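Colleague: For this one, chain P is given, so just place chain H on it according to the hints.
Keeping their order, the protein sequence lines are chains P and H. Just so we're aligned, residue 1 is where the first sequence starts under UniProt numbering, counting upward by one. Just so we're aligned, residue 1 is where the second sequence starts under UniProt numbering, counting upward by one.
Hints are supplied without guarantee of correctness; some may be wrong.
[As the list claims (entries may be wrong)] Far from chain P by the CB rule (all over 12 Å, computed), these chain H residues: (1) K45; (2) M101; (3) K215.
[Claimed, not checked] Okay, derived cross-link-like pairs now, BS3-like style, lysine-lysine, Cα gap no bigger than 25 Å in a straight line: (4) P:K223 <-> H:K45; (5) P:K110 <-> H:K45; (6) P:K242 <-> P:K163; (7) H:K45 <-> P:K227.
[What the hints assert, rightly or not] Where chain P lies over chain H, by a calculated footprint (3+ residues, C-beta under 8 Å): (8) 47 to 59; (9) 134 to 147; (10) 169 to 175; (11) 186 to 193.
Source of the hints: derived by calculation from the structure; they are not laboratory data. Since the model is a prediction, treat every value here as computed from it, not as a measurement. We put the beta carbon where it would ideally sit given N, CA and C, even for glycine.
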Amino acid sequence: MEHSKQTQFGSSDKKDAGTSSVVNGHCDGMVKRPAGGPSQPPAAESGSQRPVMESWREDRTRSVEDNEMSLPSLAAAYTTILRGLGEDPQRQGLLKTPWRAATAMQFFTKGYQEKIIDVLNDAIFDEDHDEMVIVKDIDMFSMCEHHLVPIFGRVHIGYLPNKRVLGLSKLARIVEIYSRRLQVQERLTKQIAVAITEALQPTGVGVVIEATHMCMVMRGVQKMNSKTVTSTMLGVFREDPKTRDEFLTLIRS
Amino acid sequence: MEYQHDVEINGEDKYLNICKHNGLCKKEKDSKDDTDSNKLSHIEKAYTTILGELGEDVDREGLLRTPLRAAKAMQFFTKGYKETTQDILNDAIFDENHDEMVIVKDIDLFSLCEHHLVPFFGKVTIWAYLPNKKVVGLSKLARIVEIYSRRLQVQERLTKQIASAISEALEPAGVAVVIEAAHMCMVMRGVQKINASTVTSVMLGTFQDNPTTRKEFLDLTIRK
Numbered sequence: 001m002e003h004s005k006q007t008q009f010g011s012s013d014k015k016d017a018g019t020s021s022v023v024n025g026h027c028d029g030m031v032k033r034p035a036g037g038p039s040q041p042p043a044a045e046s047g048s049q050r051p052v053m054e055s056w057r058e059d060r061t062r063s064v065e066d067n068e069m070s071l072p073s074l075a076a077a078y079t080t081i082l083r084g085l086g087e088d089p090q091r092q093g094l095l096k097t098p099w100r101a102a103t104a105m106q107f108f109t110k111g112y113q114e115k116i117i118d119v120l121n122d123a124i125f126d127e128d129h130d131e132m133v134i135v136k137d138i139d140m141f142s143m144c145e146h147h148l149v150p151i152f153g154r155v156h157i158g159y160l161p162n163k164r165v166l167g168l169s170k171l172a173r174i175v176e177i178y179s180r181r182l183q184v185q186e187r188l189t190k191q192i193a194v195a196i197t198e199a200l201q202p203t204g205v206g207v208v209i210e211a212t213h214m215c216m217v218m219r220g221v222q223k224m225n226s227k228t229v230t231s232t233m234l235g236v237f238r239e240d241p242k243t244r245d246e247f248l249t250l251i252r253s
Numbered sequence: 001m002e003y004q005h006d007v008e009i010n011g012e013d014k015y016l017n018i019c020k021h022n023g024l025c026k027k028e029k030d031s032k033d034d035t036d037s038n039k040l041s042h043i044e045k046a047y048t049t050i051l052g053e054l055g056e057d058v059d060r061e062g063l064l065r066t067p068l069r070a071a072k073a074m075q076f077f078t079k080g081y082k083e084t085t086q087d088i089l090n091d092a093i094f095d096e097n098h099d100e101m102v103i104v105k106d107i108d109l110f111s112l113c114e115h116h117l118v119p120f121f122g123k124v125t126i127w128a129y130l131p132n133k134k135v136v137g138l139s140k141l142a143r144i145v146e147i148y149s150r151r152l153q154v155q156e157r158l159t160k161q162i163a164s165a166i167s168e169a170l171e172p173a174g175v176a177v178v179i180e181a182a183h184m185c186m187v188m189r190g191v192q193k194i195n196a197s198t199v200t201s202v203m204l205g206t207f208q209d210n211p212t213t214r215k216e217f218l219d220l221t222i223r224k
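Looking at chain P on its own, in the form it has when it is part of the complex (with noise of 0.2 Å):
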């Protein structure tokens, strides 16, 4: 069955050697910055020689049509899922479980229809305003690429800004777009943190993802209180110690 979406993943992608890697968008590389910005790049990979993913102009992997022509084998999957299970997938509580397992799975990956460029194209205003915004408290919902199991928690995130600042709805947006994949949440963390500073070249960029896996919650060490807390910091937040202080008390209160 021919997709349009698997012809982007040609093995080819894999082997080249210093191209970046263009898996969903997942950035694999530095941030680009522009040639009036700061000198020293933001996310510095410690000697990574991959080059820069823009990740605002990643193609998208799936389109709404797309959507429609793999529920049928969605379906089909979930209902051999079931029968392996051990269900009768013709009681009548499952009947359409297959269906609703299916389009519910397109939504908690619906990040792969979506384009950062499209989300944001609009809303970035020249301010002249240089204190930090934050904002916080983002609810998360995101599934682990590991075990397929969902991952919620909520999303801080603080930058300040270089005479250009965001819509604030529109980080929001920026968290649904990359939460909504199958995702690992250091990946998730910095995939945030790079589309901002892509878009806006602020000075700086914090971004605090804290999170329950039900992977380790429902199943495995079954460790019900646990959290996962992981953090990017990109330019000013990271050199700068008391900019990165000032974001966590003010993400804490």
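Modeller: Quick look at chain H alone, frame taken from chain P:
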């Protein structure tokens, strides 16, 4: 792989015949151990299909073993089908000169919504009134919760199954079960109401017949 399941029985207390409803018979259990690895590979292939259809690259490093992990995780989330109350309770009922209430609160519960295959989780509180000079090992109440919650469930049915299982095993004068849970199918998708929680309760015996006992139970367990 043929499984004999009756049409879903709505609300019937047939936990002893639960294999016909949403569980497996003991003989089915015994005969299918050799086909477990077969089933795992079917589920694994299904997950590989799902990943591809969602637009992901199944060959990228992070997803290489995901179908197997997801299949095993899903088997763990539905392990209750292979367990019966008799297996866990057989030795843990003791005669004691005790006829008071036994309450086990805040038992963590994790289950899967049978409509969307998405988790729901919360806490269970169980009250049992055992006047027949019997007591039960307390962890067994939590194990009964595990048996029925580790299945594809509907919260109402789950509550009733737990109450029925305790009722049949211990023959108490009354049993009450309350579950308060958050459903990810409502939180992560659909209406997306983050703080909503669902409360279901089942009361049998004196909890059903005696309004004072019922009121005492509700006042102490339903949190505002």
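Colleague: Taking the earlier hints as the rules, which of them does this structure contradict?
Modeller: Going through the list in order, the structure violates hints 1, 4, 7, 9 and 10 and respects the others.
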